[in-house]
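Colleague: Start from the sequences and build out the full structure, keeping to the hints where you can.
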Amino acid sequence: MEPQATGKPLVLVADDEAHILHVVSLKLRNAGYEVLTAHDGEEAMELALQHHPALVITDFQMPFMTGLELCVKLKQTESTRDIPAIMLTARGFAMAEDDLNPTNIAAVLSKPFSPRDVLAKVQELIEHQAGNPA
Amino acid sequence: MGIGKSQSLIVCVLVTAASAAVPLVGRLTTGSQIMRQAWMPYALAGVLGIIAAGLFFLLIGARLDGDVHRLRHYVQSFQDRDGPPVRCPPRRYFRALGSAIEQSMSLMHQRVEQLTSQRRELEIQVRVTDAERQHAEAILQSISDAVLVTDAFNELAMANDAAAGALRFELDGARHQPIDRIVRDPTLVKLVKDTREAGNLVNRRHVEHALGVNGQKHIYDVTLACLGNTQSEVAGVVTILHDITREKQISEMKSDFVSSVSHELRTPLSSIKAYVEMLVDGEAPDEETRTEFYNIIQGETNRLSRLIDNILNISRIESGVVKIQREHVALPAVVKEVIDVMQPQARAKNIELDEQTSPLYYQIYADKDMIYQALLNLVGNAIKYTPEGGKVHVDTLVNDHSRTVTVNVNDSGVGVPAEAMPHLFEKFYRVADHKKMAKGTGLGLNLVKHIVETVHGGKVAVTSAVGKGSTFSFTLPISDGTA
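Those protein sequence lines, which keep their order, are chains A and B. Here the working numbering is used: position 18 in the first sequence is 18, and no number is missing along the way. Here the working numbering is used: position 266 in the second sequence is 266, and no number is missing along the way.
No wet-lab data here; the hints were simulated from the structure. Heads up, a few of these hints could be off.
Using C-beta positions, here's what the derived DEER-type ranges look like [as the list claims (entries may be wrong)]:
#, chain 1, residue 1, chain 2, residue 2, range
1, A, Leu-49, B, Asp-286, 21 to 27 Å
2, A, Arg-81, B, Thr-301, 52 to 58 Å
3, A, Asp-98, B, Ala-138, 36 to 42 Å
4, A, Glu-46, B, Ala-333, 49 to 55 Å
5, B, Glu-426, A, Ala-96, 24 to 30 Å
6, A, Glu-46, B, Met-253, 52 to 58 Å
7, B, Lys-336, A, Gly-32, 53 to 59 Å
Glycine included, every Cβ here is placed at the ideal spot set by N, Cα and C.
Modeller: Okay, structure coming up:
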């Protein structure tokens with residue numbers, strides 16, 4: 001994890017619903033994080049490769065590449081292998097152990113979600129990371 | 001009174017004796033030495049004796065012969081089956097024998113009559129049992145479920161056509177065959193055998209089992225029950241296969257639908273919950289942000305509401321519950337109404353919205369509100385997916401030949417990609433590339449399809465090319481005025 005220019009940890013948020021993207025970004029920014037947004041899996045992958053965020057938050061159902069596919073790809077790629085991910089999904093029950101194994105998904109939150117919970121999880125994961133530098 | 005062999009012999013002897021005696025008597029009467037012999041009277045007596053005996057035997061023989069003959073005739077008369085028993089003819093010498101034969105013959109005749117009548121009864125019983133069995137088989141055949149009846153030895157006793165079709169065996173010649181030779185599915189055979197072994201005359205067993213029939217997989221609800229006889233022993237097993245493939249399909253479709261619906265509902269709900277929480281947590285420090293949040297919450301609430309309405313409408317139409325109020329409707333008036341309502345939205349995007357309706361006078365027999373809703377959805381879509389400065393045009397065309405009217409909604413918008421075309425009218429389907437362009441429930445077109453096709457017996461159609469725009473149309477029959 002590389003420190004950003006602003007010194008604040010960077011979080012990448014991916015969701016095809018503009019409102020969700022907006023509310024999560026706002027919550028994280030208000031809490032002192034730098035936020036990048038993406039509207040689909042492909043855009044998210046590109047941004048992740050470019051900016052090496054400390055954490056990725058992604059929706060499951062997205063065009064071009066689902067959130068799960070994105071996380072698998074992130075883990076498979078050398079430079080993004082260690083980035084933890086949080087999955088937000090309305091289909092929380094459909095996530096099986098086997099699905100999550102090839103990814104770095106540290107938590108699955110089901111929609112409707114609470115922005116408070118998301119922030120708490122983000123803080124937990126980033127602090128954990130900070131405690132164990134890559 | 002015939003002359004038998006023994007009687008002829010006797011006659012010969014007599015004739016010989018007589019011919020010997022006659023010259024002897026002649027000689028005697030001429031007087032001779034022979035007569036004065038001491039043995040002469042014995043000799044004479046002897047010859048006369050032979051003659052007398054011969055005559056005696058002849059007479060008796062004839063009579064005996066006659067009686068024997070009559071008795072034989074009498075016995076032979078029983079070979080003639082249909083003839084009534086004749087009384088024994090009068091006879092002189094074989095009284096006892098005759099009576100004994102008469103009694104026996106009478107008894108035997110009675111026995112034969114008895115056996116004949118018993119056989120007739122049995123024949124009738126067999127016919128009745130046959131008729132009952134045919135009746136049972138006819139009942140079996142009329143049952144559309146597959147029914148197999150096996151006996152206590154697990155051999156096939158009865159089966160209907162449905163069973164032969166489902167399990168693929170020939171009914172002819174299948175009876176009395178062991179069940180494992182007829183049914184190729186080992187699980188099913190084991191079920192039957194196990195049920196027979198368990199011998200439970202009270203409870204039935206229900207099992208779900210899948211079979212491949214003609215390359216298609218069918219799922220059956222299999223019921224197995226033991227048949228008991230009058231001594232409460234297991235006489236066989238009845239196996240019924242009830243096809244629940246369609247039910248399972250429908251159940252799965254319903255399950256999928258519920259799953260899709262809840263997923264769709266969660267999305268606007270997520271926004272509402274998140275923004276409300278943000279407000280509660282004071283994450284909107286200024287009035288502008290708060291107003292933005294309130295608008296989003298309101299918008300998403302409306303979206304949720306529309307979604308639920310659409311789902312209910314479609315659901316009602318699909319289950320035939322919806323109340324349809326048909327009347328004679330002048331289509332041009334409906335078109336004009338829709339255009340008027342959508343004009344503000346079009347203007348907001350600088351889109352030119354106009355109409356051209358056929359001058360011909362005609363009416364459709366339809367539910368006005370539903371047609372209005374369908375047209376509203378189409379025009380709404382057209383505006384949504386047309387960028388700023390585009391055009392949306394509605395026209396109606398009458399086809400006199402087929403007595404139909406077609407409404408076309410044409411736009412200069414983004415067009416539909418080829419791979420999305422077959423799915424456009426499906427529930428919840430949204431073109432992936434267009435999700436960013438506009439919000440949608442994915443149900444609008446599905447509702448249009450149901451209104452036009454399911455309720456009014458019309459047809460929907462679409463032509464489109466990416467970047468060139470689309471034309472969505474529906475065709476309805478024209479009313480001939482008599483409804």
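Colleague: Now tell me, hint by hint, if it's right for this structure.
Modeller: Structure-based check of each hint:
Under the hint 21 to 27 Å, the C-beta atoms of Leu-49 of chain A and Asp-286 of chain B, about 36 Å apart, miss the expected range. Between Arg-81 of chain A and Thr-301 of chain B the CB atoms are about 42 Å apart, so this pair departs from the stated range of 52 to 58 Å. Hint check: Asp-98 of chain A to Ala-138 of chain B, Cβ distance near 55 Å, so the stated range 36 to 42 Å is violated. At roughly 53 Å, the beta carbons of Glu-46 of chain A and Ala-333 of chain B sit within the given window of 49 to 55 Å.
One distance hint, 24 to 30 Å for the beta-carbon pair Glu-426 of chain B and Ala-96 of chain A, holds here, with the actual separation near 27 Å. In this structure the supplied range 52 to 58 Å is violated for Glu-46 of chain A paired with Met-253 of chain B, their Cβ-Cβ distance being about 38 Å. Between Lys-336 of chain B and Gly-32 of chain A the CB atoms are about 57 Å apart, so this pair conforms to the stated range of 53 to 59 Å.
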